[in-house]
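The sequence shown begins at 1 in UniProt numbering and counts up by one.
Hints in this document: simulated from the structure, not taken from any laboratory.
Where a beta carbon is used, it is the ideal one built from N, C-alpha and C, also for glycine.
There could be a bad hint or two in this list.
[Claimed, not checked] In the DSS-like style, the derived pairs of lysine-lysine whose C-alpha atoms are separated by at most 30 Å in a straight line are: (1) Lys84 with Lys382; (2) Lys127 with Lys382; (3) Lys382 with Lys438; (4) Lys438 with Lys127.
[Unchecked claim] Restraint-style ranges between C-beta atoms, simulated for each label pair: (5) Arg347 with Leu269: 29 to 39 Å; (6) Thr380 with Thr231: 18 to 28 Å; (7) Arg67 with Gly218: 35 to 45 Å; (8) Asp69 with Glu291: 24 to 34 Å; (9) Pro166 with Asp69: 26 to 36 Å; (10) Arg359 with Thr231: 47 to 57 Å; (11) Glu85 with Gly336: 31 to 41 Å.
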Amino acid sequence: MSKPLISRRAAALSGSAKVPGDKSVSHRALMFGALAVGESRVEGLLEGDDVLRTAAAMRALGAEVERQDDGSWRLFGRGVGGLKEPEDVLDLGNSGTGARLMMGLVATHPFTTLFTGDASLRSRPMKRVSAPLSQMGARFFGRDGGRLPMAVVGTGTPLPITYELPVASAQVKSAILLAGLNTPGQTTVIEREATRDHTELMLRTFGAQVDVEHGAAGERIITVTGFPELTGRHVIVPADPSSAAFPAVAGLVVPGSDIVLSGVGMNPLRTGLYQTLREMGADITIENQREDGGEPVADLRVRHSALMGVDVPAERAPSMIDEYPVLAVAAAFATGTTRMSGLSELRVKESDRFTATLRGLAACGVDVEEEGDTLIVHGTGKPPLGGATIAVNLDHRIAMAFLVLGMASTDAVAVDDAEAIDTSFPGFVSLMNRLGAKISATDAII
């Protein structure tokens with residue numbers, strides 16, 4: 001059953017809120033805890049569908065993974081190389097991160113693992129992961145030239161590789177590094193553009209040797225040494241900066257708003273959106289900076305702001321690829337033109353987010369165009385018209401972005417199915433409504 005929602009023009013947003021835990025960190029905490037020796041405890045885990053699918057998959061691979069009464073999660077791991085062959089297919093739902101990273105985990109174990117997911121995940125390309133993992137000795141048998149459902153036949157005699165990423169991707173990088181944990185010698189990934197480094201940071205926390213160097217051209221060279229003994233750790237998951245983007249942009253575009261978002265992860269490879277918004281004139285104050293579990297965090301105070309159009313450089317895309325739909329919403333309220341370049345990766349996320357953003361904005365009366373992989377939004381400094389129902393195509397970020405637009409557009413904005421929001425931001429509607437939004441269920445088609 002679909003779950004349509006409608007977002008109506010709101011009064012000023014106010015108050016304080018904490019968004020759910022970081023999805024990227026949550027996935028990795030479960031996986032690394034499952035590879036560690038002894039007990040790990042994870043606080044603040046994102047309990048969205050994507051991460052719960054990873055938890056179930058790690059149980060199927062032999063780890064003990066249990067939620068505690070106090071909301072924390074306890075894991076007893078199998079040790080590096082100790083995963084067991086799952087008895088059934090691993091269904092990762094909508095989670096590209098879970099699927100791709102887990103393919104790296106099992107690729108260097110001598111058994112076969114079957115992967116599937118929902119319609120969106122089954123449409124996403126997996127060759128970018130299977131290509132380097134095949135060089136390490138694993139074999140892949142997928143549908144339609146490399147899509148799920150897929151069988152991964154792991155190798156018992158893996159080979160270390162040095163692999164340069166053809167496209168900036170933290171998921172591909174991480175899959176190779178995870179495969180390298182159970183591979184003799186050193187496995188190296190070279191990335192021309194820096195991507196989120198949660199894998200490197202957390203692997204070190206658990207006891208792996210991960211070395212990062214910079215080449216002559218500025219490239220990052222990441223090397224993991226095989227067969228470490230990972231030991232259980234206490235992990236505190238920061239609030240997800242990608243999820244915080246939605247109330248943050250809402251606070252900027254709804255007149256009179258003044259909100260505080262607490263404990264947001266401020267990893268510099270994840271904060272491209274906030275840098276861009278501040279360049280646009282956003283009143284975002286970073287307060288109470290601190291560190292939790294090896295990750296920098298801070299509270300963000302966000303006030304309604306008069307935004308100006310800017311050019312967003314292509315090299316910033318890896319640090320904010322998930323945030324472009326909601327940035328485009330902010331740009332629709334700005335004065336002047338915003339150009340967002342280098343968005344090819346946006347076309348192969350949970351949906352073709354590039355096209356969905358373009359069409360959704362146009363349906364809401366925004367002057368928007370594309371030039372290759374550049375998205376161009378011509379803002380007038382006035383609220384967009386709105387008054388449309390957006391087809392979200394099982395994509396949580398498209399759904400949330402357009403619900404944010406509806407909070408300040410002239411007419412309401414609806415989304416045809418908000419079910420996918422729970423994959424990354426359970427409680428999104430209730431959190432936004434507590435701040436002052438007017439989001440509700442609807443049967444109406446605008």
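Check whether the Cα positions of Lys382 and Lys438 lie no farther apart than 30 Å.
The given pair, whose Cα atoms are some 20 Å apart, holds under the 30 Å limit.
Is it true that Thr380 and Thr231 lie within 18 to 28 Å of each other by Cβ?
violated, 57 Å
Is the gap between the beta carbons of Asp69 and Glu291 within 24 to 34 Å?
About 28 Å separates the Cβ atoms of Asp69 and Glu291, which means 24 to 34 Å holds.
Distance restraint between Lys438 and Lys127, which requires alpha-carbon spacing of 30 Å or less
violated, 42 Å
Does the Cβ-Cβ separation between Arg67 and Gly218 fall within 35 to 45 Å?
holds, 43 Å
Assuming the hint says 29 to 39 Å, is it satisfied by the Cβ distance from Arg347 to Leu269 or not?
Once the Cβ atoms are compared, 22 Å apart, the range 29 to 39 Å for Leu269 and Arg347 is violated.
Check whether the Cα positions of Lys84 and Lys382 lie no farther apart than 30 Å.
violated, 57 Å
State, for the Cβ atoms of Arg359 and Thr231, whether the hinted interval 47 to 57 Å holds or is violated.
holds, 49 Å
Hint check for Asp69 and Pro166 - Cβ pair distance inside 26 to 36 Å
violated, 46 Å
Taking 30 Å as the top limit, are the C-alpha atoms of Lys127 and Lys382 close enough?
violated, 44 Å
Outcome of range test on Cβ distance (Glu85, Gly336; 31 to 41 Å)
violated, 57 Å
The structure fails to meet hints 1, 2, 4, 5, 6, 9 and 11 from the earlier list, while all remaining hints are met.
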